[in-house]
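*Asks:* Here is how the chains run, residue by residue.
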Amino acid sequence: MKYLHLIWAALFRRKTRTLLTLVSIMAAFLLFGMLDAVRSGFDQAGKSATGAQRLQTGSRLSFIQTLPQGLGGQIAQVPGVKSVAYANWFGGAYQDPHNQIFSFAVSDNYIDQYPEIDVPADARKGFETTRTGILIGEQLAKKYGWKVGDKIPLQSTIFPLHDGSKNWTFDVVGIMHAKDKSAAWYDQMILMHWKYFDDSTTYNQGTVGWYVSRVSDVNQADRVAKGIDAISANSDHETRTQTEQAASASWMKQLADIGLIVGSIMGAVFFTLLLLSGNTMMQAVRERTSELAVMKTIGFSSHSVLAMVLAESVLLLLLGGVVGLFLAMGAVGGMRAAMGGMIPMSNVSGDIWIRGVVLMVVIGLLVGALPAIRAMRLNIVDALAGR
Amino acid sequence: MKFLVNMGLLIVLAVALVVWVLLPWPALLVLAVLFALWMALTRRGRQAASVTMVGISTLRQRLGSSAVVVVGIAGVVGVLVALLAMAGGYAETLSRTGSPDTAIVMRGGSASEVMSVLERDSVVVIPQAEGIAKDAQGKPIASPEIVVAANLPLKKGDADDEGSVQLRGIGEQAWAVRPNMKIVEGRAFRPGMRELVVGRGAQRQFAGLTPGHEIKLGNQSWTVVGVFASGDALESEIWGDADVVADTYRRAGSRASVTVKLADPASFDRFKAALAADPRLKVDTTTTLEYFSKQSEGMTKILRIIGIVVGSIMAIGAIFGALNTMFAAVATRAREIATLRAIGFRGLPVVVAIMLETMLLALIGGLLGGLLAWLIFNGYTASTLAGGSVGQLTFAFKVSPQLLWQGLKWALAIGFIGGLFPAMRAARLPVTTALREL
Chain A
69 MKYLHLIWAA LFRRKTRTLL TLVSIMAAFL LFGMLDAVRS GFDQAGKSAT GAQRLQTGSR
129 LSFIQTLPQG LGGQIAQVPG VKSVAYANWF GGAYQDPHNQ IFSFAVSDNY IDQYPEIDVP
189 ADARKGFETT RTGILIGEQL AKKYGWKVGD KIPLQSTIFP LHDGSKNWTF DVVGIMHAKD
249 KSAAWYDQMI LMHWKYFDDS TTYNQGTVGW YVSRVSDVNQ ADRVAKGIDA ISANSDHETR
309 TQTEQAASAS WMKQLADIGL IVGSIMGAVF FTLLLLSGNT MMQAVRERTS ELAVMKTIGF
369 SSHSVLAMVL AESVLLLLLG GVVGLFLAMG AVGGMRAAMG GMIPMSNVSG DIWIRGVVLM
429 VVIGLLVGAL PAIRAMRLNI VDALAGR
Chain B
63 MKFLVNMGLL IVLAVALVVW VLLPWPALLV LAVLFALWMA LTRRGRQAAS VTMVGISTLR
123 QRLGSSAVVV VGIAGVVGVL VALLAMAGGY AETLSRTGSP DTAIVMRGGS ASEVMSVLER
183 DSVVVIPQAE GIAKDAQGKP IASPEIVVAA NLPLKKGDAD DEGSVQLRGI GEQAWAVRPN
243 MKIVEGRAFR PGMRELVVGR GAQRQFAGLT PGHEIKLGNQ SWTVVGVFAS GDALESEIWG
303 DADVVADTYR RAGSRASVTV KLADPASFDR FKAALAADPR LKVDTTTTLE YFSKQSEGMT
363 KILRIIGIVV GSIMAIGAIF GALNTMFAAV ATRAREIATL RAIGFRGLPV VVAIMLETML
423 LALIGGLLGG LLAWLIFNGY TASTLAGGSV GQLTFAFKVS PQLLWQGLKW ALAIGFIGGL
483 FPAMRAARLP VTTALREL
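Heads up: the sequence lines are chains A and B, in that order.
75 is the number that this note's numbering gives to position 7 of the first sequence; each next residue is one higher, with no gaps.
471 is the number that this note's numbering gives to position 409 of the second sequence; each next residue is one higher, with no gaps.
Any given hint could be a false lead.
[Claimed, not checked] With a straight-line cut-off of 16 angstroms between C-alpha atoms, the simulated EDC-like cross-links for lysine to aspartate or glutamate are:
| # | chain 1 | residue 1 | chain 2 | residue 2 |
| --- | --- | --- | --- | --- |
| 1 | B | Lys344 | A | Glu355 |
| 2 | B | Lys334 | B | Asp163 |
| 3 | A | Lys321 | B | Asp220 |
| 4 | B | Lys278 | A | Glu306 |
| 5 | A | Lys321 | B | Asp223 |
| 6 | A | Lys247 | A | Glu184 |
| 7 | B | Lys356 | A | Glu184 |
| 8 | A | Lys263 | A | Glu196 |
| 9 | A | Lys83 | A | Glu355 |
| 10 | B | Lys217 | A | Asp325 |
| 11 | B | Lys356 | B | Asp346 |
| 12 | A | Lys321 | A | Glu184 |
| 13 | B | Lys218 | A | Asp164 |
| 14 | A | Lys215 | A | Asp239 |
| 15 | A | Lys321 | B | Asp222 |
| 16 | B | Lys278 | A | Asp304 |
| 17 | A | Lys294 | B | Asp222 |
| 18 | B | Lys196 | B | Asp183 |
| 19 | B | Lys363 | B | Asp223 |
In short, the hints are calculated from the structure, not lab data.
Chain A with its partners taken away, still in its complex shape (with noise of 0.2 angstroms):
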């Protein structure tokens, strides 16, 4: 620690050089906070503790047919299951079919089933007395500049009324906010009361889209979905029963491969990163020679001078790079506030600091090796006779 002053003296010795390699520096941790934070979005999506409790039961046949709403008192039934919800998907759109809002219509205990969601007391109350009232999530709410009270006409793209028009309208009794990030689509959706979405389309005729149920005990949640799946096997509507999480997991894996395409570009980053820093560092040290020497021959053994040079690399990347991290978490913010949850992605949080952080030290290390080396294993009298 003592010669942190000197490091740093050595570092800011010249000052353009080291100023635009800290730029680039900046800029590659800036892409590894902004990426890392979309694959651990991805990651995250559905796993959370009280995801883990969540059943999902679809049909087998593909997640767009629909099951029986009898099934739902069968599935209460199978030991280890504490309650079960359904939902349908409405297809909901707002002013324009092709600017699609994610909308359910769920039965009156489905928010039970996510404690991660904040619903007020009196907007829950206002749910349950309305038979035409939704909740709609934060972002939306902010999106449109839909309040409490307010009437909005939705498009359903796929189910149309008795009259064969497809201008339904709702209104708005509360709004609800994802406590839990891993929940954070709930902002950007709308709820509506499955019996009057039923009642009001000749479409649906009493069927559901899906049961979410939860266990009371996560260790037995793969012996439930058996049990569940085991209702409806062999019938023409064959269930298929997977957690939240496994089911959000499969979603996001056929969305895109994100791993694959991060992986990639952060190589081409890092390794163009690795030239560029080391490039300056082997620059810093060939002309410094004399320097050392000098340092050498005051007394400084030759495994100091090997650590100072390390250190100077490794606080070199630091400073870049925590810069850089500090740029992505403000671009993280501002992109998950623009885009409002469409693409999933995590803060800048712990994590990717911790693994920025060791990029950093072990990009440092690596990039310093080589001049560290040169520069202990440099001899004085060469050196000083520039040589």
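Please build the complex by placing chain B on the supplied structure of chain A, with the hints as guidance.
*Replies:* For chain B alone, kept in the frame of chain A given last:
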């Protein structure tokens, strides 16, 4: 004063970059020719050429630091081209699926085929509208189809991993509507049987889709009897007989869409008007070209934005890398440059020489990056679940010449900025100071 000059430089730079991005290649060619003429014919130009030659001939001594510029820019161009190739390949696969002389009819207000439901009456009425091409027997070429999703085990991943594939139930007219569709292996399914033909893309993605194999759809067994190829998005689907599929999915007589072959592209308006005027129908009519292009719009935009954002951030890194290298190069050659100026070379040839040197390195980097992107990613297949389809869509990355050209433009722009400031410094440094420097 110096501050003002720097500000002016920045503004010129910004304007130059905007012009650069907008310039089509013929204009650039003219620019390059003019520049070459200047170098060959004028005194200043010849001076610049000779200084450039000196710089380039000493490149070998600065191999390490020059490599930084080359590799840095190669990285930017490679990643940019790869990401844009993904967006391009995706958009192209979908837009190729449609054509201006076929139209798709869906229930009004449906965003995609899978959300649309046409009752039996509509399915009967639609083919009677005018503007549809007729086959040899004088029947209209119109194909009512049902579109659903099916869960099938994925090739990659655990045995329990299932993915979604789009299943299309078709009648015999489906082949007439799409003449590019060919059975490449096995045979077509027989009507009324639980038989499937699978697209080449779907075959790559899902396990067990080879002719002769049986697969489970829900609790039913279906036999795969053939493989079809079309070179577009439909290749990611599996097809079966419409009535049998409707039965499996309990859809009775309803269909999702009717695709028709138009007599000619011009008759689309007539066809659309005829359907709109029919009081029995409430449908949306679009050409398949428009329908499929629209499906890819949102996703392509996101992919392009991601490509450009990632590319820009990497470009910033590369610009500063290039600046660093060129400042160092100018510093080591300070005396040499000062000597040139002392014996009568003006500032301009020096600036031009250093810029040319940087842009040469950038050009090499751009070519290298483009080449790598092309070698690794051209034809690389990926899949996604988006764009109005309920199944995984397989598409190939497409590294087109336009993309490579765009990559080169980026590379040269980076080289331009990276060279400009060091060049200005070299030209501005007072000769006496530079000569005295070690």
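*Asks:* It remains to establish, for every hint, whether it holds in the given structure.
*Replies:* How the hints compare with the structure:
no., hint, result
1, B/Lys344 / A/Glu355, "violated, 79 angstroms"
2, B/Lys334 / B/Asp163, "holds, 13 angstroms"
3, A/Lys321 / B/Asp220, "holds, 12 angstroms"
4, B/Lys278 / A/Glu306, "holds, 12 angstroms"
5, A/Lys321 / B/Asp223, "holds, 10 angstroms"
6, A/Lys247 / A/Glu184, "holds, 5 angstroms"
7, B/Lys356 / A/Glu184, "violated, 36 angstroms"
8, A/Lys263 / A/Glu196, "holds, 11 angstroms"
9, A/Lys83 / A/Glu355, "holds, 14 angstroms"
10, B/Lys217 / A/Asp325, "holds, 14 angstroms"
11, B/Lys356 / B/Asp346, "holds, 14 angstroms"
12, A/Lys321 / A/Glu184, "violated, 24 angstroms"
13, B/Lys218 / A/Asp164, "violated, 37 angstroms"
14, A/Lys215 / A/Asp239, "holds, 10 angstroms"
15, A/Lys321 / B/Asp222, "holds, 14 angstroms"
16, B/Lys278 / A/Asp304, "holds, 13 angstroms"
17, A/Lys294 / B/Asp222, "holds, 13 angstroms"
18, B/Lys196 / B/Asp183, "violated, 21 angstroms"
19, B/Lys363 / B/Asp223, "violated, 30 angstroms"
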